[in-house]
Amino acid sequence: MSKSLVAQLPTGPAEPAQRVPTDWTTGAMQGRIRRRYAAERRFRLMGLAAVTLSAGFLAFLLATMLWQGIGGFTETRVTVPVDLGAAKLAVTPAQLDGRGADLALAGAGLEGIVDTSASRAYGKDGDNLLSGGAWLTVREAIKADPSLLTRRATFDLPVASPIDVAYKGKGAPEAEAMVARLTPRGVLSRSLNTGFLDSADSTDPTRVGIWGAFKGSLLTMLVTLLLAFPIGVLSALYLEEYAPRNRWTDIIEVSINNLAAVPSIIFGLLGLAVFLGTFGLPRSAPIVGGLTLALMTMPVIVIAGRNAIKAVPPSIRDAALGVGASPIQVVFHHVLPLALPGILTGTIIGMARALGETAPLLLIGMRAFIAAPPRGLTDPATVLPVQIFLWSDQVDRGFVEKTSAAIIALLVFLLAMNGLAIYLRNRFETRW
Amino acid sequence: MPATALLFILVGLSLIGWLTARARAARFKVAGQRFSSLPGHFGWYVALWTIVPPLIFLAIWSTVAPALVTDAVLSTPAAAQLPPPGFDRAAILSEARELGAGRAYGAFHGLARLLAPAYAAAQDRYDWIATAAALLLAFAGGAFAWTRSKPGFAARTRVERIVMGALLAASLIAILTTIGIVLSLVWEAGRFFQVVPVHEFLFGTHWSPQVIDARDPGASLGAVPLFWGTFFIGAVIAMIVAIPFGLMSAIYLTQYAAPRTRRWMKPILEVLAGVPTVVYGYFAALTVAPAVRDLAVAMGISWASSESALAAGLVMGVMIIPFVSSMADDSLAAVPSSMRDGSLAMGATSSETIRKVMLPAALPGVVGGVLLAISRAVGETMIVVMAASGVATLTLNPFASTTTVTRQIVDLLTGEAEFDSPKTLAAFALGLTLFVVTLLLNIVALTVVKKYREAYE
Numbered sequence: 001m002s003k004s005l006v007a008q009l010p011t012g013p014a015e016p017a018q019r020v021p022t023d024w025t026t027g028a029m030q031g032r033i034r035r036r037y038a039a040e041r042r043f044r045l046m047g048l049a050a051v052t053l054s055a056g057f058l059a060f061l062l063a064t065m066l067w068q069g070i071g072g073f074t075e076t077r078v079t080v081p082v083d084l085g086a087a088k089l090a091v092t093p094a095q096l097d098g099r100g101a102d103l104a105l106a107g108a109g110l111e112g113i114v115d116t117s118a119s120r121a122y123g124k125d126g127d128n129l130l131s132g133g134a135w136l137t138v139r140e141a142i143k144a145d146p147s148l149l150t151r152r153a154t155f156d157l158p159v160a161s162p163i164d165v166a167y168k169g170k171g172a173p174e175a176e177a178m179v180a181r182l183t184p185r186g187v188l189s190r191s192l193n194t195g196f197l198d199s200a201d202s203t204d205p206t207r208v209g210i211w212g213a214f215k216g217s218l219l220t221m222l223v224t225l226l227l228a229f230p231i232g233v234l235s236a237l238y239l240e241e242y243a244p245r246n247r248w249t250d251i252i253e254v255s256i257n258n259l260a261a262v263p264s265i266i267f268g269l270l271g272l273a274v275f276l277g278t279f280g281l282p283r284s285a286p287i288v289g290g291l292t293l294a295l296m297t298m299p300v301i302v303i304a305g306r307n308a309i310k311a312v313p314p315s316i317r318d319a320a321l322g323v324g325a326s327p328i329q330v331v332f333h334h335v336l337p338l339a340l341p342g343i344l345t346g347t348i349i350g351m352a353r354a355l356g357e358t359a360p361l362l363l364i365g366m367r368a369f370i371a372a373p374p375r376g377l378t379d380p381a382t383v384l385p386v387q388i389f390l391w392s393d394q395v396d397r398g399f400v401e402k403t404s405a406a407i408i409a410l411l412v413f414l415l416a417m418n419g420l421a422i423y424l425r426n427r428f429e430t431r432w
Numbered sequence: 001m002p003a004t005a006l007l008f009i010l011v012g013l014s015l016i017g018w019l020t021a022r023a024r025a026a027r028f029k030v031a032g033q034r035f036s037s038l039p040g041h042f043g044w045y046v047a048l049w050t051i052v053p054p055l056i057f058l059a060i061w062s063t064v065a066p067a068l069v070t071d072a073v074l075s076t077p078a079a080a081q082l083p084p085p086g087f088d089r090a091a092i093l094s095e096a097r098e099l100g101a102g103r104a105y106g107a108f109h110g111l112a113r114l115l116a117p118a119y120a121a122a123q124d125r126y127d128w129i130a131t132a133a134a135l136l137l138a139f140a141g142g143a144f145a146w147t148r149s150k151p152g153f154a155a156r157t158r159v160e161r162i163v164m165g166a167l168l169a170a171s172l173i174a175i176l177t178t179i180g181i182v183l184s185l186v187w188e189a190g191r192f193f194q195v196v197p198v199h200e201f202l203f204g205t206h207w208s209p210q211v212i213d214a215r216d217p218g219a220s221l222g223a224v225p226l227f228w229g230t231f232f233i234g235a236v237i238a239m240i241v242a243i244p245f246g247l248m249s250a251i252y253l254t255q256y257a258a259p260r261t262r263r264w265m266k267p268i269l270e271v272l273a274g275v276p277t278v279v280y281g282y283f284a285a286l287t288v289a290p291a292v293r294d295l296a297v298a299m300g301i302s303w304a305s306s307e308s309a310l311a312a313g314l315v316m317g318v319m320i321i322p323f324v325s326s327m328a329d330d331s332l333a334a335v336p337s338s339m340r341d342g343s344l345a346m347g348a349t350s351s352e353t354i355r356k357v358m359l360p361a362a363l364p365g366v367v368g369g370v371l372l373a374i375s376r377a378v379g380e381t382m383i384v385v386m387a388a389s390g391v392a393t394l395t396l397n398p399f400a401s402t403t404t405v406t407r408q409i410v411d412l413l414t415g416e417a418e419f420d421s422p423k424t425l426a427a428f429a430l431g432l433t434l435f436v437v438t439l440l441l442n443i444v445a446l447t448v449v450k451k452y453r454e455a456y457e
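These protein sequence lines are chains A and B, in that order. Going by full-length UniProt numbering, 250 is the number at position 250 of the first sequence; the sequence numbering is gapless. Going by full-length UniProt numbering, 128 is the number at position 128 of the second sequence; the sequence numbering is gapless.
Just chain B, with the same shape it has in the complex (with noise of 0.2 angstroms):
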């Protein structure tokens, strides 16, 4: 049976047990006697009692399912054919489980073709019994619930220990997500530390993917010339860009604008930051850069790349201006209105005003915003990809081809490299660095952002 259908089938089924329970208890009557549960909560207790087992049970048995089927193909008499174990068994029999499920028309290997029935068989007969597992499950827990629907028993305490199991379930996922994230990284990268040594991963000056010595691979997987690139293109160009627009546009929204046009202009500067990074990718490489390129080449710099450093910077400038506009924003507004009123009464004009009382007051909230800002612009992977180099140099002109670690990241794992290369790995290694950098950039934006707001509240 199609899982879509089985699933129907118990939801049919807790759907029937709502009803029934529900109407059942609406004519619980014991003179003198007011009940702690409404009717409604006798017919969530049958229903969840009918529904959450069987759920269980087939999230349990689809991890346990594939591992019987092949027991079960193994045992017939045709796998006796079967080469020992290794690459060749598990192609043969994932070609016959496709062949089997219905999946493939053809195979490349001929035995796949005579275990398909086997496995056909096999996968049915594991579908039926689950199937009838499952009902059987669903019958028996409504059952059970619905033999202890009595007048006085208090459904409504269970059904709502039940929801708050889910909802506590439902913010844990957030911490196995970091956790997943973390161990993942951990893992893959401490399985690239035995092959490449920490040091010279993170200080050797040499990064060349394509050819990976197989007895010295650290020698070309020095990743110096990344974090060179990263902070060249993140931290600096973008920022030459992100900072003074960014800042000017809030300082002119909230202490010049008229609210009028404050609530138009607002809205549309926002709209910088909801652009897909693709479409800024694609732009970067097809318009600016050759921009960037034909400029160089007008200032006598023959050689300039067309996937500078510059072009890749300056577009991530423009998509980070709305995050230091509105970090900027917020620190101006946190600022005492007394201190403005003062300057501004002490005979200082408007600019005079922003630039020696409010902006200082503001700087430590300014400064966190910026830290977010290159957090962001750090971890950003489409324009670099699109429009900055794949060659690592360390350099300092804005016109020669860079290289970022988001971008490496995306060039070894895009490959046709198997899993377990040092080339592979090294994504995770540079994924593991990156993750680190931008947490820890987090933590200390936030951290001055929070002292920041507690001087002056």
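If we strip away everything but chain A, and leave its shape as in the complex, we get (with noise of 0.2 angstroms):
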């Protein structure tokens, strides 16, 4: 017999061949067994890295918002002694109760009378250290004291945006030469900006806020929510407890499925042509936006909804059968209740993907400049992530630093929504 390492099959009645065991122990098997463990270990590390880096893009992402945003949520100041005893604006202290007291103050000249005072205290181009609303903090703090009429005070006002980029980090050189003069006088100052909080869009970037927009987004958000949950959960329902097999319920799952597959952007082409061009609804409104996020979010919502719905045992539904409930009160009484922590769950995901999501709203017009936060569902408005988008698109390097607050804003909602997610699943879900 030949020395084969193959065995040989036995071959008629003849004995089978005694088989030579392998010598693991001559050096070419080692060698063998050596480069397979090295393979091994490099596939193995292969893996590792493919995991290490994805995190590491991750953070890498999230760290490069943060850094760059952070700046945005404060704001540089600095102090400015006004002299409005001095300066006798021509109000009169009944004019500064009522609502006419903007009008009046401004009117009065008290611009001028800031921009003046920021020049006699820094040089001729002091006016240009401020930003265009400073003058604001100055009429809220009379409105608040108009005993400051009477008198000579300081105040710490918000810079323009050029200084505050230059005062944050490496801005234009005019600014920086300005801050260099500045700081050893000790007269900046860095404190929180809660204007970025409760303003809406400008186009001073020292002035722009998130709230506009984050008003926008509720109310949109709000729209969504009201018609995909009730729709989603019904039609989830329906089809996984009362539609009989046929060709309908077929093709109504398939639409569904494609649904959830369909370009984001696509959605904003049906809300152009049905919602306001067919429909003749106003442009950039929640309203509009609402109604295609939800038609986008819906399937999401029923095809969670089916999961959830189909983990609950069959034996819950024949016992309430048994005792006499009607197929409706099966479902409404039973089922639901046990399906709706994963159903909640599937929705809030929904709702978190339709939150975050900007092409479908560029194309029904929620791009628009706007400046005042939206009164009502027909109101033009934004959304945070087109606002991160227009501001993304801006020259003007202040804008930098707002548009990676803003995404901040954006990111810590969505995981808060996420975060609520886990809990109701962790803390509902039943498994049985």
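FYI, nobody ran anything at the bench for these hints, they're computed from the structure. Note that the structure is predicted; figures quoted are calculated from it, not measured. Treat each hint with caution, since some may be false.
Stated by the list, open to error - Taking lysine-lysine pairs in the BS3-like style, the calculated list, with each CA pair at most 27 angstroms apart, reads:
hint	chain 1	residue 1	chain 2	residue 2
1	A	170	A	124
2	A	310	B	150
3	B	450	B	356
4	A	88	A	143
5	B	450	B	266
6	B	450	A	310
7	B	150	B	266
8	B	266	A	310
9	B	29	B	150
To be verified - From the derived model, a few chain A residues whose C-beta atoms are all more than 10 angstroms from chain B:
hint	residue
10	199
11	232
12	319
13	357
14	412
Each residue gets a CB set at the ideal place from its N, CA and C atoms; glycine is no exception.
Relying on the hints, combine the two individually framed chains into one complex.
This is the structure we're talking about:
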């Protein structure tokens, strides 16, 4: 018999050949094993590297946004002495009480006085130092304390965007020079930018805020939730509990699964052609955005809802039917309450996706410059992701940190929503 | 009366109906007889009859009312001065409507100020008619249901029939949406193809919608460069990133990692898919694109674009990693463990088992997952809007600027063009192409995955 590595099949009645065991101690064999083990280690390392790098991308992305955006929540202020007593504003105390106070103070030339004070304190380009909205801070202070009108006071006023950028990091040469001149005098300071959280869009980066866009997002999400949640849950119940197996049901299922995979921009085209074109709803309105996003979110809720309903054991249905409940009672008294945590989890995830969605809303016109928060569902509005997109297009360098700050706000919100979804799942999900 | 107030009144009426009908039904007693319906069913029966008819009426009314109001205004003497039907007339009327409703304070056309009171009056009159009719319907419906609620009346069957109808209607919305998408895309694209021949659009290699020759619009609306750019960014560059990373992550997390690591790392990777695309777009434009350009310049490509295909594709690939990873995860999990155990028992190392046994067995599932990922990458918009270029070029160079279908849709529809220009309609033709391609990719992917699942069941 020849020495073969492969065991020979027994042929005929003859005794099977004795196979010589592999000699694992030879150099060749040891080398092969070493190579195979090295390949094993390499492969494993590649896997580890893929996971680490993917997580690293995420960490890098988040760190970049945090690094650039955290400054957006603060603003630079400069101390300016304003002698309102000497300026003798033509404003009576009675005017400061009513609703005309803003108009009265503006008409009396408060803005000019603040600018002059800045020039007097910091040289002839001192008025370039202040943000366009700096005098508003003085105005609010006067409204809160009318006695300021009769004396000299110092205010911490927000600086113009170039100075702000230069003070926080690297800015234009002139602004850098100004900051270098002012810093030794100790008049520059940083404080929390509350305006960023409670005002709307503006052309001046020191005066922009996310509240307008955020309110638009809230209104849009409200419409989306009110439409997508009931429709999604009801159709999940129908498909999972009542639908007869026939062609119509198949068509419904196929369209829901396809809708879940349609690119979001297609929903924007639908919204543009149907809601704006055919129905003539107003452009840029939260109601149109909400309708469009509802159509996009509904399939997600249906799919999550069906999985949650499927997980409710049939014995519960049988028991309810057995004690005489009607099919509707079985579902609404027993199956739905048990499936609700799962449905809610899916809904929150779908809503989080809708909250971060930008493309369809661009197409239905929610990209206009809107300087006031919307007051209703038909007012022109923008939403947080679109606001981020609009700011990212701005040339002014002051907008860079505002964009990243808005991104931080958006991510915090999404994180909170997903955290809530995970909490709900862990807290209420029952394993049968 | 404001619409919200009317709604509140209707809801209140139906609540009263519910309470009273329920209380009344609770006192129904017929000796020796048991009813099929609980008191609550009678309550619902009356409540639904109270609120549903007026709501249906109001829905129909809201589509008819504007025309009625306009008719009333046109019959006033002041309307005789209106210009003949056309753009001016519509503008004046809409201004007058806004003034009359108190939503605007100034008017461009003097005539609008004259017509505004007529509008306000007509609107007011028809609003009162609608309110009265709605309330009348609510009372009539409630009374009808009330008189029918007698002992032995099968209120439960009626209510459940309505609930069933609502369930069916809700599930038909999905079909309606699909039909709406298809119809609106086909309709608008059809109007586009009346101006531009299909073959010029699909096979033309020159795309510059900024300057459209009115005599031959098809010459500058050839979409091949867009299709190529979309394919290049979404299916080539993004997949070069996403497939190795996604696949290797899935392999590591399912085959090697400790359960504890897996429990932590899987959600972290899934966060990558949850980050809004506008954030990726900003990241691509601000951080990745300049880095890619600097790299290209360092490599000696001095003309490298800062809106390169590579930057957009790389970031898109990172976004897609979790999709590929979770699809690969599922298909690896579906491979019967006997195959894995057999291979290990023969002395193969883990990596040999994975590469030579499990991956070939899981291949159809992985391929399906990759197709789904491609369909998602092709439809992705914000990254390419923010990081890719708007200039259509046919190029193989990843450092050159390329544009995509989605980017062009956004560019075409956010300009100042009119709704009927070939430029705007071209966006719908692109949308239709995108819809068809993603649909086909999904169908193919799902068929592949389904066949593969059946093979092991």
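Now for the hints, and whether the structure bears them out:
1. 170(A) with 124(A): 24 angstroms, holds
2. 310(A) with 150(B): Status violated; Cα separation ~39 angstroms.
3. 450(B) with 356(B): 22 angstroms, holds
4. 88(A) with 143(A): 16 angstroms, holds
5. 450(B) with 266(B): Holds, because 24 angstroms separates the two Cα atoms, which is no more than 27 angstroms.
6. 450(B) with 310(A): Cα-Cα ~20 angstroms, so holds.
7. 150(B) with 266(B): 60 angstroms, violated
8. 266(B) with 310(A): OK: residue 266(B) and residue 310(A) at ~25 angstroms, within 27 angstroms.
9. 29(B) with 150(B): Answer holds: residue 29(B) to residue 150(B) is near 10 angstroms, not above 27 angstroms.
10. 199: 21 angstroms, holds
11. 232: Contrary to the label, residue 232(A) does not stay out of reach of chain B, its closest Cβ about 8 angstroms off (not over 10 angstroms).
12. 319: 19 angstroms, holds
13. 357: 7 angstroms, violated
14. 412: The assertion about residue 412(A) holds, with a minimum of 12 angstroms to chain B.
Consistency note: the structure conflicts with the earlier hints numbered 2, 7, 11, 13.
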